[in-house]
Structure formats: structure tokens, C-alpha cells
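Peer 1: Chains A and B are the protein sequences, given in the same order. Its first residue numbered 1, the first sequence is counted upward by one per residue in the UniProt record's numbering. Its first residue numbered 1, the second sequence is counted upward by one per residue in the UniProt record's numbering.
Okay, derived cross-link-like pairs now, DSS-like style, lysine-lysine, Cα gap no bigger than 25 Å in a straight line:
no., chain 1, residue 1, chain 2, residue 2
1, B, Lys67, A, Lys337
2, B, Lys337, A, Lys67
3, A, Lys53, A, Lys345
Hints are computed from structural coordinates only; laboratory data are not their basis.
Chain residues, written in single-letter form:
2 protein chains.
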Amino acid sequence: MTDALAPGSTIGILGGGQLGRMLSVAASRLGYLTHIYEPGDAPAEQVAHARTKASYEDLGALEAFAKSVDVITYEFENVPATALDLLEALRPIRPGTRALAISQDRLTEKTFLEGLGLTCAPFRDIPDAASLIAAIEDLGTPAILKTRRMGYDGKGQVRVDGPEQIEAAFAEMRGADAILEGFVGFQREISVIAARGLSGEVVCFDPGENVHRDGILRTTTVPATLTGAQRTDAALLAGRILNALDYVGVLGVELFVTPAGLIVNEIAPRVHNSGHWTQAGCAVDQFEQHIRAIAGLPLGDGQRYADVVMENLIGDDMDRLPDLLAAPDTQVHLYGKAEVRPGRKMAHVNRITR
Amino acid sequence: MTDALAPGSTIGILGGGQLGRMLSVAASRLGYLTHIYEPGDAPAEQVAHARTKASYEDLGALEAFAKSVDVITYEFENVPATALDLLEALRPIRPGTRALAISQDRLTEKTFLEGLGLTCAPFRDIPDAASLIAAIEDLGTPAILKTRRMGYDGKGQVRVDGPEQIEAAFAEMRGADAILEGFVGFQREISVIAARGLSGEVVCFDPGENVHRDGILRTTTVPATLTGAQRTDAALLAGRILNALDYVGVLGVELFVTPAGLIVNEIAPRVHNSGHWTQAGCAVDQFEQHIRAIAGLPLGDGQRYADVVMENLIGDDMDRLPDLLAAPDTQVHLYGKAEVRPGRKMAHVNRITR
Numbered sequence: 001m002t003d004a005l006a007p008g009s010t011i012g013i014l015g016g017g018q019l020g021r022m023l024s025v026a027a028s029r030l031g032y033l034t035h036i037y038e039p040g041d042a043p044a045e046q047v048a049h050a051r052t053k054a055s056y057e058d059l060g061a062l063e064a065f066a067k068s069v070d071v072i073t074y075e076f077e078n079v080p081a082t083a084l085d086l087l088e089a090l091r092p093i094r095p096g097t098r099a100l101a102i103s104q105d106r107l108t109e110k111t112f113l114e115g116l117g118l119t120c121a122p123f124r125d126i127p128d129a130a131s132l133i134a135a136i137e138d139l140g141t142p143a144i145l146k147t148r149r150m151g152y153d154g155k156g157q158v159r160v161d162g163p164e165q166i167e168a169a170f171a172e173m174r175g176a177d178a179i180l181e182g183f184v185g186f187q188r189e190i191s192v193i194a195a196r197g198l199s200g201e202v203v204c205f206d207p208g209e210n211v212h213r214d215g216i217l218r219t220t221t222v223p224a225t226l227t228g229a230q231r232t233d234a235a236l237l238a239g240r241i242l243n244a245l246d247y248v249g250v251l252g253v254e255l256f257v258t259p260a261g262l263i264v265n266e267i268a269p270r271v272h273n274s275g276h277w278t279q280a281g282c283a284v285d286q287f288e289q290h291i292r293a294i295a296g297l298p299l300g301d302g303q304r305y306a307d308v309v310m311e312n313l314i315g316d317d318m319d320r321l322p323d324l325l326a327a328p329d330t331q332v333h334l335y336g337k338a339e340v341r342p343g344r345k346m347a348h349v350n351r352i353t354r
Numbered sequence: 001m002t003d004a005l006a007p008g009s010t011i012g013i014l015g016g017g018q019l020g021r022m023l024s025v026a027a028s029r030l031g032y033l034t035h036i037y038e039p040g041d042a043p044a045e046q047v048a049h050a051r052t053k054a055s056y057e058d059l060g061a062l063e064a065f066a067k068s069v070d071v072i073t074y075e076f077e078n079v080p081a082t083a084l085d086l087l088e089a090l091r092p093i094r095p096g097t098r099a100l101a102i103s104q105d106r107l108t109e110k111t112f113l114e115g116l117g118l119t120c121a122p123f124r125d126i127p128d129a130a131s132l133i134a135a136i137e138d139l140g141t142p143a144i145l146k147t148r149r150m151g152y153d154g155k156g157q158v159r160v161d162g163p164e165q166i167e168a169a170f171a172e173m174r175g176a177d178a179i180l181e182g183f184v185g186f187q188r189e190i191s192v193i194a195a196r197g198l199s200g201e202v203v204c205f206d207p208g209e210n211v212h213r214d215g216i217l218r219t220t221t222v223p224a225t226l227t228g229a230q231r232t233d234a235a236l237l238a239g240r241i242l243n244a245l246d247y248v249g250v251l252g253v254e255l256f257v258t259p260a261g262l263i264v265n266e267i268a269p270r271v272h273n274s275g276h277w278t279q280a281g282c283a284v285d286q287f288e289q290h291i292r293a294i295a296g297l298p299l300g301d302g303q304r305y306a307d308v309v310m311e312n313l314i315g316d317d318m319d320r321l322p323d324l325l326a327a328p329d330t331q332v333h334l335y336g337k338a339e340v341r342p343g344r345k346m347a348h349v350n351r352i353t354r
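Put together the whole structure using the sequences plus the hints.
Peer 2: And the structure:
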């Protein structure tokens, strides 16, 4: 623990949403203070020691923020590169900026993953309309056209079911760089929440089985329905990604389970919605695991003590809150967001099922 | 839930130590903000939305605090009565001031408990030296002389092993009102953490078995070694206390297990050190249970999912922190206190044993 952050140190968090909020709470358990940097609304500031409200173009604010903290982490992967460069010159950023750069761009990410020998859905770079026509011929339909950058929760994606939809699909990208992904016939979607410590040790939580609707995660269930071999594969491939990136922190890896093996859908260089179940199932949850990693502390062992179903409460799902608060075996986690909006993640519940 | 506090409301907490800190985190899970009132150091402010640093004699600060919050609770029972009167005129205080007044004074507390038909250690009021001589004759030795007010963690107590020690023991009280307690030969110490909601429902957590050293709690183990009948008795007597006080919130009840039945040692009208294990063993821990109660939300069901040993880290115990962070199945909760002092509670660990 010679490199460990001393209690009383301050962790800077880029982004002030629910992930930053739960990271801040986890940091407090380990005796750390947090400082939230967020241009917009920041429910995380309700449980943080300090908060900077400024844009990622405000170099003075970024510099003051960096100088007020001991290490910097982030709750989302779309931090602009110029801001990262400035911050990195002043304080360590964990996970590193390479993981961020790779995961900010679907093309770079998939190229990186295939370079590790992992399997992704077939994909083609789509710099222009002509390449989309060729790619559809090549990969067939259905296929999914996705912006290379800034997509999340199903945003920036459009499905192409036949050649007649090519023109409209391309127009929806509004000139943004895109990739086309071939269709994958999967049995189920799972994810692995994995962590790598400052000294290189890797710990994986048990894979969770995910259900999405309208491109947004609805539920994660542990244990996932998997064979022992699939569980091992999932952990090994997560470890390969972490080691290749010399990664420090928690990483979310979304996978498709297919008869031909596990296919990597995407990676997220941060704590992940599909890891929220760890709050009810593990001694050290994913948020604390991330803080332990970036603080140079030993990682939690990832042991799962309970079966859990995590459900997101999105928009009007909040109407069910009174019933959920009264339900047995159920943890409710509200995010402190003032306004309920359709499609907005407002809270989640962890139900212990065994 | 018609009386329930709406998400986004603010809970005022009197006291900014570790209990206020963990209450603040629990409040955030339910979408509430917190405002800490604390004259001294306040590690709770690191995870609170607002903080007032002022004394309990500062009526202006108290009034501004009350007006900035929706409901008031407390993490310790020695809030001065004048402050409580001012606050109570402006906002609801939960648990109520009657529970506070009773538990602030050992004589009043024991008289109240015996009035409910519960058994306490035999005791005598000690207004002067002559009454101490008479009480020692009456109750025998060993006996314990305790200040009526402001005692905690073994402070304000002195053991009397024979008549020759009476004079010195009385002098140690330094003129403070005191009581003498007769010796109780107990098999073990347990505590029940119980909660009562705004609509009167009562929920008890499983009793924990406590080990004290030098008057300070060292470990709590669940499950405690108890018969089924003893478990039932513990829950019933906690319920009786809660109902008699028309209590709202979490109450800690310390009990001696004796061959003749359960004897009430003392009650604490707040979350309690011996309930920290619930963080690792229950879907809703004692801190969230307290917030749910005072916010008018349904209570968690108290179900225990794991066997847990909670251990306090006191003073130099902090030297063991690196080992404890690396131990499997172990949660560490640091309190954010800057300075390690002998006898000071710095952190606790919850070890899941099954």
C-alpha cells in the first residue's frame, strides 16, 4: 500500500450524475473526500465535499479543480480530449486516458478488441453513403448504423432492415462518422464488471444477465444463466482487456452469448449500470471497488453473497416507488434528480431473491 | 404514504459525527438532502448538502437551521433542552423530545422502563454522599456509580468494590447527580435495534451479541447465542418501549441475558453502534431504516441475509487498516476523522462470516 492514497485525500470526479453520486458515497466509506466537476445539474454534489460548476472548455476552472484534488476519475467516457490533456498534466487520471480515447470511438474500440483476439459483431467503417451501400451488401440486413462517438442508451443508432432504408438511415447520422454493425443472433446479453488495481491484480464480479428495452438497460439478474466455461471465458476476456490497457479501476464489458461463444458488444471504462446489483450482493460494491483501485488500495474479492435482480426506474416508473419502498427484500436507490422525464434514469432497485 | 416526505426534501441532523455521516448517506439513497448542525468537527459534512457550525446556545443559528429543513433528527441524545424547545416549535423532531428527555437521565430512564414492567439492574438515586452509603448497604458490592447525565462509552462511571471505596467514588462524580447500579451477573450482552414508523408499525433487526472492553463496544456478532424465547422477548420489550414513547425512528436497546431473563441495561434514542452490522447483513440498514421512519416511508423488513461480525476500530486499531482492507468478505467504513486519538472510534469493519 505504499502508493495508497491516504485517508483525508480528495478524489476529483468528472461528471455529477448518479454514478458520480454513488462513487462519492463509496469514497466516503474509505475516508476520502470528493470534488465533483460538472457543467450541468449535479445530483452527486448532494453527497460530495466540493463541486465545480463549469464547462469542459473552462481551462481555468479545470486547472483549479485539478490542483484541489489528489487523483482524478470520471463517471462518463465523453470527456473532451483537450480537458483531459490539461488535467493529466497536473494529476493522475484513473482509468487512464487511453481507455477513454478507445471507448469514445466505436471504430477504435472494436479495432482494439479484435486486435486482442476477441470477437466483436462484424462491422464496417462508414465514412460516406457509398461505403454504407457496400457494407450492407457485405454484412446483409438487419444491421445497425451507429455514430462512432457520443452514443449511449440507444441514442445515435438506427436499424437498417433492407437496402431501401439506407438513404434514410444515413441521413439520420447527420454527417457524423459512423460504423455499421452486422446482426448478431444472441441467446442472451450479459455483462462482466471487472476491476484492476494499481499493482495489476484483477478481480471480476459474477456476470449479470441484462434485459434492454428501447436501447436502455431495464434489469440485471445474478446469477446469469451461463455454463461454467462461459463464466470463465467472460472473466478471462475482461482480464485481457484490462491488462492490455494497463487499466486502473472498474470496467464494464457487455457481451452477447451465442452458440459460437461470447461476443463483445461494447466496453465502458467506468462503473456500469449493470453492476448496481453489487450494492446488495457483495461486501465491496462496484463503486467502492473503483475507488479502491484508483486509490491504490487492495481490491474487494468480488464474492457474491446473494441472488439479486436490479431494475432501473426510468421516467414514469417512479410512480411505482411507494410499492417498491414497501416491498420486502428490496433496496431502493434514488438519484436525487429534481425532474422526472421520459427515458431518464431516476433510480434503481435491488431485490434480493435468495 | 400521505405523510411521506417528498424526494428532494431536506432532513436536518443534530450532530456531525459518524452516525450523522452514515445517516446522511442513507438519506441520499432515498433522494433526500441533509443539513448537519454541529458545533465542532463534523465528518458528516463531507457527505451532506449543507452544514451549520454553531453552538447549541446560538438561537439565531438554530432558528435558521430549522427553517432550512423539513424534519429534524439527531445522532446523539445530549442535545440541550432549550435548543430542542426552539427547534420543536418550528419543525417536527423525530424521534420526539420525550424519548430524548428520558434517555438523557439514567434515573428517569430506569424509572420509565420499570414503569413499563421491564426489568433493570437494581438502582438507587444518589443525590448526596449519605445516600451512597445507604445504597451500598442495600445493593451490596460490586456496584457501579454513574452520573445521571452525559455518560457514554464508559465515561462518568466508577466501580465500587467495597465500602472503603465509597468516598473516592463519590468524589469522582464531582458533584454531578448520580445513581448507583447493583451488579448483574449476566451470561452475555445483546442489543436489539428496533424501529417504529410514523404510522406505528414496529420492525426489529435480529439481536446482536456485544463485547465491550473498557466501557467501549468492541464487537457485535449476529446471530447472537439466544434461545427462540429470548429472541421473542427481546423484540417484544423493544416494541413495548417504542409504543410507550409513541416513538418514530430507530432505537437501540442494550440488554443483559441472565438466567432470570432479559434485563434492560440502557436505551439510546438513535441509530446505535451495535447496529452497524446491518450494513452488511440487510437490504435496508439501520441508518436507512431511521431515515425511512422519520420521513414517513414504509420500514424495511429487517430480514437478515448474512452472518456478520462488526468490529470497531478504536485509536491505534487503525494500524490494522491495510490488513483489513485486504481481508476477504470484509467491509471497511472509515469515519473521515482527521486525527487518531486513544479511545476514539475511527472506523468499523463488517466481516461476513456466512
